[in-house]
Amino acid sequence: MQNNNLKINASPTKDLFITMLVRDLTLRDAIGDLVDNSVDGAKRLRPDEKYSGLKINIEAYSDHFSINDNCGGIESNVAREYAFRFGRPKGQGYSPGSVGQFGIGMKRSLFKLGKLFKIDSSAPTSSFKVEVDVNEWQEKGSSDWAFEFTELNEGESNGEFWTKIYVTNLNSDIKEQFEDSNFLKKLIREIELEHLYNIDKGLTIIINGVKLKSRSLSLLESDDFRSARFEHTYDDGMSIKLIAGIGEAKLEDGGWYIFCNNRLIVGPEQTELSGWTGKRGTDGVANYHGQFQMFRGYAFLNADDSSILPWNTTKNGMDRDSPRFKNVRQRMIETMKPIITFLNHMKKEREGKSTEDSRPLEKKVKEASLKTISEYSDNRYSTVFSHPVPQPVIKKPDTDNKIIYLMAKDKVNEVKKLTKLKKLSDIGEYTFNYYYDMEIED
Amino acid sequence: MPSYKDINYSIRPAKCVERKMLVEVFQRLASFFDLDRYEYIGFGSTYFSDFSLFHKTLDLKKMVSIEKDRHNADRFNFNVPYSCIEVKFGHSNEVLPTLIWDACPRIFWLDYDGALNTEVLADIRTICANALEGTLLIVSVNAQPFQPDSSEEMPADGLGEYRMNKVNNNIGEEKLPIGTEPKNLSLSTLSKLYRQVVDDEIKSSIRERNGGIPDDNPNKFKYNQVINVEYQDGAKMLTVGGIITKNYQSENLSSAKFDALPFHSDNDAPFKIQVPKLTFREINYLESLLPSNIDTSTGNIIDNDKTSLSVENLSTIIPLKDIKKFSSVYRHFPMFAESNH
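First to last, the sequence lines map onto chains F and P. In case it helps, this note's numbering puts the first sequence at residues 15 to 456. In case it helps, this note's numbering puts the second sequence at residues 1381 to 1721.
Treat the hints loosely; a few may be bogus.
[To be verified] Straight line, CA to CA, 27 Å or less: simulated DSS-like cross-link-like pairs of lysine-lysine:
#1 F:293 x P:1546
#2 F:293 x P:1448
#3 F:361 x P:1448
#4 P:1442 x P:1602
[What the hints assert, rightly or not] Listed next, with one range per pair, are the computed distances between beta-carbon atoms:
#5 F:249 x P:1493: 37 to 45 Å
#6 P:1583 x F:397: 53 to 61 Å
#7 P:1559 x F:24: 25 to 33 Å
#8 P:1559 x F:417: 44 to 52 Å
[What the hints assert, rightly or not] If you want the footprint, here are the derived chain F segments under chain P, 3+ residues with CB under 8 Å:
#9 202-210
#10 340-353
Don't read these hints as lab results, they were simulated from the structure. Ideal Cβ placement from N, Cα and C applies to all residues, glycine included.
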């Protein structure tokens, strides 16, 4: 038997990358991936996270898509050996604290968008241009996977660091979505959320001329309320920081916000994933609903080696099977329990008392002020969320009975006349006492 | 109505035996930390029987009683027997998550009035997710099989169906062992099912807490069951629990020698506390023979030299099974007498 016959062809085809893998990726996440690459560049350029002056400009129109940044550029050797590979070569160093770690982000995103793309980069020690016609590349067959530089300058710098990506021949479904202004509104809102931390640190992101606003993470603070903070660093270097408390009463904003390397992955999360399992559920707290709308939890998972973070490859969800995430989730649940208790007390208070004056907990909430978590000073946190406790209700001894009965109106009116009483309850009491005095207690 | 109003726990004999057994378990925690570092957390009700015993015998000085009936706070506070006991008001589901966990190792005896339910499981999870290594967790629940009362209707399929509905409601289908059937819900089997559910819950929380760290990591948590006790003063009760340790404490664990306790169990085979009805004279006589002159596994007298002096054939006076029961619990056997104080 010849050895060759024992071989089974398991090599990939280009089609797998061009048309199959892109199906797992939404357009929204494809753009998110490209933004992540720019943000990673910013992080390399400014490890202190002071991003002012750095800018990412995105254009998404029916005839082209482009993303231009001044966040550092791609070095030619990185482009040659790594940036365009499908998958990360083993042993390849990571860029500390980055969000693009799987080595599939950029290519997959570009294939998702269109058939013709140009990348123009200027980095500290090199600059290059690459132009790829996807159809041509595919026709070259599965033996030749290389792209080619159309321009290349190494060892010199023009002092400007940028990356420009320009995609045309957009795929038809992409074109359609870029014409849909609702898609664009949603994109802006979501990127705002996703990068709120980075925008807060001064990074400018523009989509179709709209500058993205910073959305702040905030919590109520006063002497009565101390938000909970939990921090832990694992043996492998991944760290978690959980901050939780109460914020504005807004149904759609309540829940957990989970960040990986400062990029929002999920949130506001209101499902079983972040512990809202329902009381009958397996391990968490009640289902998320109106009475918990003030709950705010912020989870920051950070690691220099981003591959150890428990997120999925499209960075829009957590890897729920990972023991690490299960552990983080357990911590989140433990952190939120006292907050749920307080919100339950508030609900009870609302149900029991009709006037605002008689709702001391609600009053305390109103007196507290909203602070962003960057303003929140360290000594205002505590290990366990602390809150005012409702005063116990001392029950009145149960000695009285209530009697309700109906009587014909004309009879009642006669009694009214004779007794000169106006209120019906007084008449009832009077007539009962009359009987009692006559028959029981002389 | 809360049970403290209708039952005085102090006169439940098997429960008294159990409390004294727990004292012996707690003593062995000294292999992990000095006992005075431990904080005891329980449900003292108005009687605080467990608190009194543990304070007097072990000199525990940090004690917290969780009491859900905050409307009668004054009464509970009035009945606190020692100044080292603090009553925290609120449901255990609410109070436990507010503990400062790093402060000290703890002894939890969560002695619930009712059957095993999701609230009990929630407390177990809170403790397993947070407690320091060296913490002891003991849970007691009522394991009496469910029986419809006069106001309830028996389902068409009979008692089996009725019991299945009850446990599904109380624990939740997803927590019941696969293949649970009505025959697992009877007087002789329900406690075993409950032990399994508690064990699964503890281990699953511990697994989450470990977050996938390797088996040889010194900081990996482990749960070691120490007791699994059943008794029936009226309703059938189950007490199960163990110690939460980290790998680095393996030597402390072996030197604690929990397995040397006669009522130790690290599996699903319970130790059954059975309290025979005996007169003081009988008790005194049997005690004079213990521990060396009665075969505790059969109840038979071993040394005739000593016994022949007074009684020739003891089992014609005291049934053999009562001698056997007594000899397994005599060191913890309560004596009840009328008293005025």
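Query raised in the report: For which of the previously enumerated hints does the structure constitute a violation, in increasing order of number?
Result: 6, 7, 8, 9
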